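Engineer: Below are the chains, spelled out letter by letter.
Protein chains: 2
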Amino acid sequence: MSLHRILIQPGAVEAEAEDGTNLAEALFAAGRPISLYCRKRGVCGKCLVEIAAGDAGCPDPAESEVLARRGAPARTRLACRVAVSGPLTVVIPEASLIPSAFAAPGRVEGFRRSIAVDPPLRKYAVRPEPPSLQSPVSDLERLYAALPEERWEPSAAAIRRLAAAARPGISESVVTAVVHGRALLDVEPGDTSGLQLGLAVDLGTTTVAAELIDLESGRTLAAEISINAQGRFGADIVSRITAARAEPAAAAGLQAAAWETINAVLSRLLDRTSLPSSAVYETVLAGNTAMIHLALGLSVATLTEAPFQSLVSALPALSAGETGSAANPVGRVYFAPAIKSFVGGDISAGLTAMDIESGPGRILFIDLGTNGEIVLKNGGRLTCTSTAAGPAFEGMSLSCGMIAGPGAVQAAAARDGGLALSVVGGGSPIGLCGSGLIDVLAVALERGWMDESGVILAPGKTIKVAPSLALGQKDVREVQLAAAAVKTGMRMLLQEAGLATDDLDGVWIAGAFGSTLDIENAVRLGLIPAVGRDKIRFVGNTSLAGARVLLLSDPERARCEDLARRIRHISLASGGEFQDRFVESLTFTPWR
Amino acid sequence: MSLHRILIQPGAVEAEAEDGTNLAEALFAAGRPISLYCRKRGVCGKCLVEIAAGDAGCPDPAESEVLARRGAPARTRLACRVAVSGPLTVVIPEASLIPSAFAAPGRVEGFRRSIAVDPPLRKYAVRPEPPSLQSPVSDLERLYAALPEERWEPSAAAIRRLAAAARPGISESVVTAVVHGRALLDVEPGDTSGLQLGLAVDLGTTTVAAELIDLESGRTLAAEISINAQGRFGADIVSRITAARAEPAAAAGLQAAAWETINAVLSRLLDRTSLPSSAVYETVLAGNTAMIHLALGLSVATLTEAPFQSLVSALPALSAGETGSAANPVGRVYFAPAIKSFVGGDISAGLTAMDIESGPGRILFIDLGTNGEIVLKNGGRLTCTSTAAGPAFEGMSLSCGMIAGPGAVQAAAARDGGLALSVVGGGSPIGLCGSGLIDVLAVALERGWMDESGVILAPGKTIKVAPSLALGQKDVREVQLAAAAVKTGMRMLLQEAGLATDDLDGVWIAGAFGSTLDIENAVRLGLIPAVGRDKIRFVGNTSLAGARVLLLSDPERARCEDLARRIRHISLASGGEFQDRFVESLTFTPWR
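Going down the list, the protein sequences come from chains A and B. Everything in the first sequence is counted per the working numbering, starting at 1 for the first residue and increasing by one. Everything in the second sequence is counted per the working numbering, starting at 1 for the first residue and increasing by one.
Chain A on its own, in the form it takes in the complex:
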C-alpha cells in the first residue's frame, strides 16, 4: 500500500494516509476531529475542508449540491467524500472541527490512567446472507449468523428495530448490530459502527461532571460540569433523603432533578460535538448510594434510620428508557457498585480509577465531597468508612461559598495587612470555593485573625476576604465541623489497623478541590495529616475518572464489582469513641 503525506492547516500537522483512505477519517486519526454528524454520508455538510494543494478529485453531483447549498468557496470539499489518492495540503475551518475536549473548568480533570479499551458496548456492521425459498431463515437468525458470536439475547426493542432497519427484511443491505455483552440492544440501518459513544458521569451531591467518550478509541470528545439541580431540596445528602422520605413529591422531584442535570450536561456535550443523542448507547453513573437511590426513585427510608443499610448496593444495568436519561432509550445505564451504605459507587469508581490494589504499600484515600469517604489500603486489605462532612469543602453552605466557577476565589495568600486573591477567570471575586476557603483560614490562623479553636478574633468577628466578601463565625464553625469529621474518620481507620501516620506511603486526596488546594495550608489546619509533602497527591475527580474506566473496560467493571464486595466497612457512629475523637479533632492544628 502506498502512503500519501497530508499537511494539515492550521497547525502544520503532518500526517500519512494509505491510498484510498477516507480524508475525514485520516484527519480524525491525525488528531483533527472533523465533525462526522451524518456518519460520512455526505449529507450534512459539516466536514467542509479546503484543499489548498494536491489533487482530491472532483465532487460527484450529490456532493456538488451540498457544496453549493452551503455556499462553499472553490477548492472546498466534504472531507468525508474524499478518498486520499496523493499528497494533500488541507485547511480545516474552525467550524468543521469538533470543539476540543476539556473546555470545562479544571475540576473535571484529574488523574487518568491508561487502560486497554475493551468496552461491553460494541457495534458490528454486517451484511447478512439473503434468505432463500428453500431456507427461509428468519431475519434475526441471519443477523446472528453474520455476527462474530452465535448466541445472543435480543431485547424486544432490538427485534422491533430490526424490522425497521431493513424493510422488507434484511436482504442486500448492511445493518449495524449494537450489542452489550451477550445482549443485542439495537439494530441500525447502514454502517453506524464509526459512532459508538458513551457517557461517563460523576453524579455528585453538589455538581454533576461528565465526559462524552468515543468507545472505539477511548478518546474523551468533550467534558462538562453543572450544578446539581437537586440542590433546591437541600445542599447536603441528609436533608435530601429526609425530604424524600417525608414527602413522595420531594422524592419524585429529586429523581427528576437528577436527570434534568445529567441530561443538561449531555445536551451541552452533544451540542459541542455535533453528535446525536441516539449514538449514546451506554452511560456509567458513579455516585454515592443515596444519590443513586434518589435518581432511581428507590426508597431511602432505610438510609435514614440505624443501622443505615441501603435498599441495594450493586444495581443491575438498566435500560436508559427505564431511567430518566435522554440518551438512546434502548441503551444501558450502568451504576458503579456501592460498597456499603454511605460509601458508594463514587468511591468504588475512584479506587478503580486509581487502581489502588495493584500497587504495594499503605495508602490513605480521602474523597472530600459533601460526604467525606475514607479508604485505608494496608497491603492487601482495604477498609473504608464515611463521615457526613457537609458541603463546606465544595464551597456550598457558607454565606459566601460557591463552586470553582468564574469569580470564585480559588487561592489566597497573605499580602501586607490583607490578602492576595487568585480568582477563577481573573475578574472580581464573587465568592469562595473550597481551595480558596482553606487558604483564607490558614492565613487567618497565621495572622491571628482566628485562634486554633476557630474563634474569630478580628474586628467585627469577620474575616475580610474582599471589599464585599467575608467569612463569619458561623462559616468557620461549618468548616471546623466538616474538617473534624474527616479527621476523626482518618484517625479511627488508622487506629483500627494499628498504624501511625508515619507508616503511610501515600495520602491521596480526591474530590472538589482540584489542583488548586495548597497542601501546606491544608496540613496547617489539620485537614490532612502532616506526612511528608512528597507523600501527598491530589488526584482530582476520581469518581468521574473511574466512571470513564468502567465505561471503557468490561474487565475493569468485573474488578470493581469484586473490590466493592470485598472491601471492609467500619461504621463510625457505632462507638462512644467517635464522640471523644471528634471533640479532639475540632481544633485547627496540624496532626500526625
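The set of hints was computed from the structure by calculation and includes no laboratory data. None of the values given here were measured: they were computed from a predicted structure. A hint or two may mislead.
If we take Cβ atoms under 10 Å as the criterion, some of the chain B residues that face chain A in the derived model are [said to hold, decoys possible]:
#, residue
1, Ser138
2, Gly297
3, Ala314
4, Glu452
Pairwise CB distance ranges (calculated) [stated by the list, open to error]:
#, chain 1, residue 1, chain 2, residue 2, range
5, B, Leu147, A, Arg568, 21 to 31 Å
6, B, Ala558, A, Ala164, 29 to 39 Å
7, A, Pro189, B, Ala558, 25 to 35 Å
8, B, Asp118, A, Ile227, 49 to 59 Å
9, B, Glu357, A, Ala164, 50 to 60 Å
10, A, Glu577, B, Ala116, 54 to 64 Å
11, B, Leu147, A, Pro329, 30 to 40 Å
Cβ coordinates follow ideal geometry from the N, Cα and C atoms, glycine included.
Given chain A, put chain B in place with the hints provided.
Structural biologist: Showing chain B alone in chain A's frame:
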C-alpha cells in the same frame, strides 16, 4: 409424627394428614381444592367447611369475626385456620371448592404426557438476617444471602418492589422472592409461596385455548377456550397478515385483539378459581409464527413475500408488561420457538407434548388448524412443511360452519333417506363443526348426493343437513381445496423421504377435530392416508398440551428449542411439482 384420618364429604374421600397439618392444605392434597384466595390468612372466608365429626379446636377471635360476618352455621370453620390434631369428618360446601378443571369444551382435552415438574419460575419464602450497625448490608444482599443460590440478576421492578415488601427495610419479616432462572422478578411481602401460577396458551387462528396451572404441583386448575377476536380482521392467516401489512391501524388492532382474547380467557380462569392475576408470573404462548408476530406488533412484511421468511423465530422471554398481558406485569411471557416461517411454535410445542423424538419408528404428525402443518419423523430425522389449508376444518368460512360449541353438529350418519345428527349440548343443530362436516360429506359421497370430484348431484345443488342447515357447492369446494393442500403436503414429505404410506408406524392427527372425528370417513374422503386404523391416533390440541409442558419444565424448554433449530423445513411452494400433486389430490378418494 402421628397421622390422623380425615373423611371428606361429599364423595366419602378418605385422607390422612400429619398432626398439625393445615386443614385446607390437607383437603387440597386429597384432591379437594379448597379456595385459598387470601393465601391462608383467614381473611376472605372462602374456605368455609363444616366439621361434621371430630375435634377441630375453637376459632380465635379474628376467625370468629369472619365466620359471623359470613353467617356461617355452627360447627363451621375456615379450613385454612384449622390445624389437624385428631380424626375429622369434613363436609365441603360447593362454594368452597375451586371449580373442577376442564369445564371447557372437550376440544381443550387431548394427549397429556406426565413430566417432572421443574419450572423456571419459582418462589422462595425466606426470612433474611437483620442488618447490623457494623455490617449495614443492603436489603437486596441480605435477601440474596437467604436464598438457595447466591448470584441473581434483579429486575428494576424487583428492586422497587423490595422496598415496598418490607418497610423500612427487611428486618424480622418474611418475604417471598419470585425468581425465573437466575432473574429475580419480584419480591412479595409475607409467604406467598403457596401461590405459584402459570398460564399455558394455545394462540390459535380461530380459537384461543388456555389452562391455568399450579406450578408447584403441575396440576391444571382450570381450562377455557374462546373464539379469537382477531377474526374480525379475517378468518385465515393470509388475510390477517395482508391487512396488517397494508394498514398500521389493522396491525395495531390485530395486536390488541390477540391480547383481548387471551386476557378474557385468563379472566374467566381466575374467576372460576377465585385466584388473583398477580399470582400468574409466567405465561407460555404457543402459536404459529404469524400469530405471534401479530400479537407482538412485529412486522409481518417479510411473511407476505417470497421467500416468506419471518422477522424472528426464537423470541426472548418478555416481561408481561412489555406485551398486552393482564397477568402480573413483572412476570414473563415465553414463546414456544418457531421452526421456520409458517411452521411455528404451535408445532414445536406439539412435538414436545408428544415427545416425538423419544420413540422409535416413522411417524406422520399432522396439525389440522387454519394452517395444515405436517411433520415427518423418519427414525432420527425430522422434516416439516406447511400448507395454507384455510379455516374450513375448524368450522369457519363455510356458509353453515361454526366451532365445536353448543349447537354444532359434531357427527352425522346416514339414516333412512337423510342424516342422523349428534349435536354438541344436545339441542337443535345450529351449524357444522369440522368433524360433523367430514361425516356429512362422507355420507353425501356414499349416497351419491355428491361425486368424487366434489360436484353436488343432489336436488337444488345442496346437501341438506337439517331443515335449516345445508352445504352448498361453494362450501364443498372450500373443504376440497383444504383437504387437497394437506394431502399434497403429506405426499410430498413422504416422497422426499423415499417412503410409502405403508412404511409409516403411526399417523398422529392433532388440531381442531378433537375426539369426534370419524376416522373411516376421513380416510374415505382422502383427508388422511388409508393406513391401518390402529396406526391412526387423535392427539387433540397438542399446541396447548405443549404449552403446558413448556410451562412446567425448564429442561423440556431447552429440548424444544434444540428441536426447533434442528428440524428440516421443506417449502412446498418452490416447485412446479406442487401444482401437479395438488390437482391430483383434489378428488375425494382414499389414498395410500
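Engineer: Evaluate each hint against the coordinates.
Structural biologist: Hint check:
{"no.": "1", "hint": "Ser138", "verdict": "holds (4 Å)"}
{"no.": "2", "hint": "Gly297", "verdict": "holds (7 Å)"}
{"no.": "3", "hint": "Ala314", "verdict": "holds (8 Å)"}
{"no.": "4", "hint": "Glu452", "verdict": "violated (33 Å)"}
{"no.": "5", "hint": "B/Leu147 with A/Arg568: 21 to 31 Å", "verdict": "holds (24 Å)"}
{"no.": "6", "hint": "B/Ala558 with A/Ala164: 29 to 39 Å", "verdict": "holds (31 Å)"}
{"no.": "7", "hint": "A/Pro189 with B/Ala558: 25 to 35 Å", "verdict": "holds (34 Å)"}
{"no.": "8", "hint": "B/Asp118 with A/Ile227: 49 to 59 Å", "verdict": "holds (55 Å)"}
{"no.": "9", "hint": "B/Glu357 with A/Ala164: 50 to 60 Å", "verdict": "violated (38 Å)"}
{"no.": "10", "hint": "A/Glu577 with B/Ala116: 54 to 64 Å", "verdict": "holds (58 Å)"}
{"no.": "11", "hint": "B/Leu147 with A/Pro329: 30 to 40 Å", "verdict": "holds (31 Å)"}
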